[in-house]
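S.K.: The primary structure of each chain is shown beneath.
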Amino acid sequence: MQCHYLLPDPTRLEALVASLAGVERAQREAPQRLTRTVLDTFDCRLLAADLVLEASTPKSGGAELGLRTRRGERSEQWTAASAPRAARDLGHARLRARLESLTAGRALLPRVSTRLERHRVHWVDALQKRIATLDVEYCPPARGVAALALLRVRPVQGFERACQRLMTAVRRDGLVTPTTEDAADVLIAARGSPAVYRAKPLVELSPDTTSVRALGALFGAYGEVMWANEPGIVDDLDAEFLHDYRVALRSIRSWLLDLRRVVTKPVRAHFRAELAALNRLTGRLRDLDVLQENLPNYLHALGGADPEYAQALTALVHAARAPTQRAVVQHLRGHRYRAFRRGWKKLARDLIDGRRAGGWGERRLKKVVRNALRRRLRRVIEFDWSRAQEEPAVLHELRKESKKLRYLLEGFQSLFDETRCRRAIAELKTVQTAMGDTWDLHVHHDILRELADSLPTGSPVARGVLPIVIALETRLTALEHAHCELVTVAFGRFRSPAVQRIYTRLLEER
Amino acid sequence: MIVFATYNIKGGVGKTAAAVNLAHCASLAGLRTLVWDLDPQGACGFYFRIEPRTIDDLDRLLDKKHELKAAIRGTDFPNLDLVPADLSYRNFDIALNELKKPTRRIEKLLEPLADDYDVVFLDCAPHLSRVSENVFNAADWVLVPVIPTPLSVRAYRQLRGFCKDEGLPVDKLLPFFSMVDRRRQLHCEIVTGFAGDHPEVLRSFIPYTSQVEKMGEHRAPVQVFAASSPGARAFAALWEAICARIGLGTAPRAPDAGGA
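The listed protein sequences correspond, in order, to chains D and Y. Residue 121 in this note's numbering is what sits at position 121 of the first sequence, and the numbering runs on without skipping anything. Residue 40 in this note's numbering is what sits at position 40 of the second sequence, and the numbering runs on without skipping anything.
No false leads were mixed into what you were given.
Straight-line distance between alpha carbons at most 20 Å, and here's what the computed SDA-like set of lysine to any residue pairs gives: (1) Y/Lys214 to D/Leu127; (2) D/Lys429 to D/Val247; (3) Y/Lys69 to D/Phe159.
Calculated directly from the structure, the hints in this document are not laboratory data.
When you get a sec, could you build the whole thing from the sequences and use the hints?
M.R.: So this is what it looks like as structure tokens:
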């Protein structure tokens, strides 16, 4: 069981280390500078499971990894060549299996990081056998936070009493005071943990604020979501990075359209062009990501597909994805994108300061948003449903319309009654999910056909893969029709008076 | 939890060295590992610089009120713990005979540790006794170090015969050659011939090296003080071979990738 102590006066660090090393038998290691990082998935799945994964990386290389419960009842330490980027990188088989199931393949990202200096002392017995390891961790003052020193005592199992005797002597010196918290948690609390990541940040907006300031705040928050997901896209760690990036991108794009008169025309024109280019570039990669994720299920449902050629088809999808991913990475690393980022950050700041405001910029926010919502809702409700049922491209148009409605609701939800807004979003989400699934099937059908056509005619692979693609096409078309029925039901419900009443009340709010 | 026993009827074949070094390899791979020294000589405790406490003697251990957990002591290496033996273990057979179900006592004592450890090594004393039966019942795999000499090979065949006679599962036995001196023709011939007769023998073997003998001087596993020596590499390779054979799915890092 570990014990933790605080050093009330960090300037007496050397005195403490000398005191610890001054017991009857001790081995002192050279001080080490480390960076301690708490790793978790972007949606904090480990935290939700009450676990803390830490990586301590000394400047000399390598990493000391530790997994513990939040209250420190159980902890495990092991070493690795470097900090893991995902659970699959862990060399520790049992923990790898455990964390893989918890993180579901998601990347492990640094949630909080602290630099510290570690002084390590081992207490040993007469046989030079270690009975306890004592780590004095010192964080120098930084960013207005005072210096902090902590002592972590880890007695070796079976030697707790001997360790306790020695620790009593150290405590008598009055250099340390016991704390119930884990040293790492104290460090994290003192250094300020960054805000928990949210793919859709909730920006608190006042109904009476000006539209331009509100849009600036939203652009800033959703821009941060985009930047936060960039490293994951570049390193190709997890398809979720691109997903979240695109949601933020499309939300911004949609608001720029719906609230177009809030900003000046040149601003609107410039950023809409940039965002459209990004959307086009990342769209194809997202389609391939979803296909890659769904293909095993499609093949499984098909049953009886020759495993060799099913694998060839999977490899074909992988191969098609690789250049698309490279193109996205190239763009994100390019001058144009960097200029866009700089420009976007400046735009958000300017809008918050009330600059670059268009004709509606100074109007009361709630009024502008309500009008935009009304327009958007009308476009969805009055959509020509008979055409959408027959033509997938038209259905996709309807899907895009409803997405824009949802982005408006989500971005400006703090302006409305929380329960009502949540219900409105939930009703819309049902329709969207049904439409999204139908559209995915349609897109996958087309991609598979395109990939099959790219194979050299008459090659053995083509001969093996083509029958699978044909069978999949048939299945996907049948599924698409079945999903269309679900969309009809969901859309019918959405247009029902009961659901529309929710929207009417929402729009009537003052 | 996987339980290994290092066992041979014959003494001086490298059982304790194998238990200590393989356990260290397992711990380096991140597996929570426990070594239980069942030999009254207490050599494992000597290698890990751990002296047994009088309160952890055999009588207390076999008393149902006490758990094995209380006798566990941490080594200097992460993920590696030890239950040291003392001279009271010389009476293990007698003590077991006085119990109900005397052949399953070790298995029962290990049961509560299933959540705490991934791998357990039982380092056994060299004789056929009630303790041996316990070990065979408790162990998933019995690692049998065999020196390539006629007597040692005979001892292994005797062990196989004993297992067959007693209805114990022979396929638990994982023999490997220990203290192999490839300069000796006899050793080479026996290693080749034995592998032909006994396909179960592991292909990795432990060479005769002074570094393994120096474990007693350094009182630590060979990987700790001679990480790149042939002995350390041989134990790492043997652990990999064992993992591959039993499908453990993990192998320790190469010894030169950094010891404890």
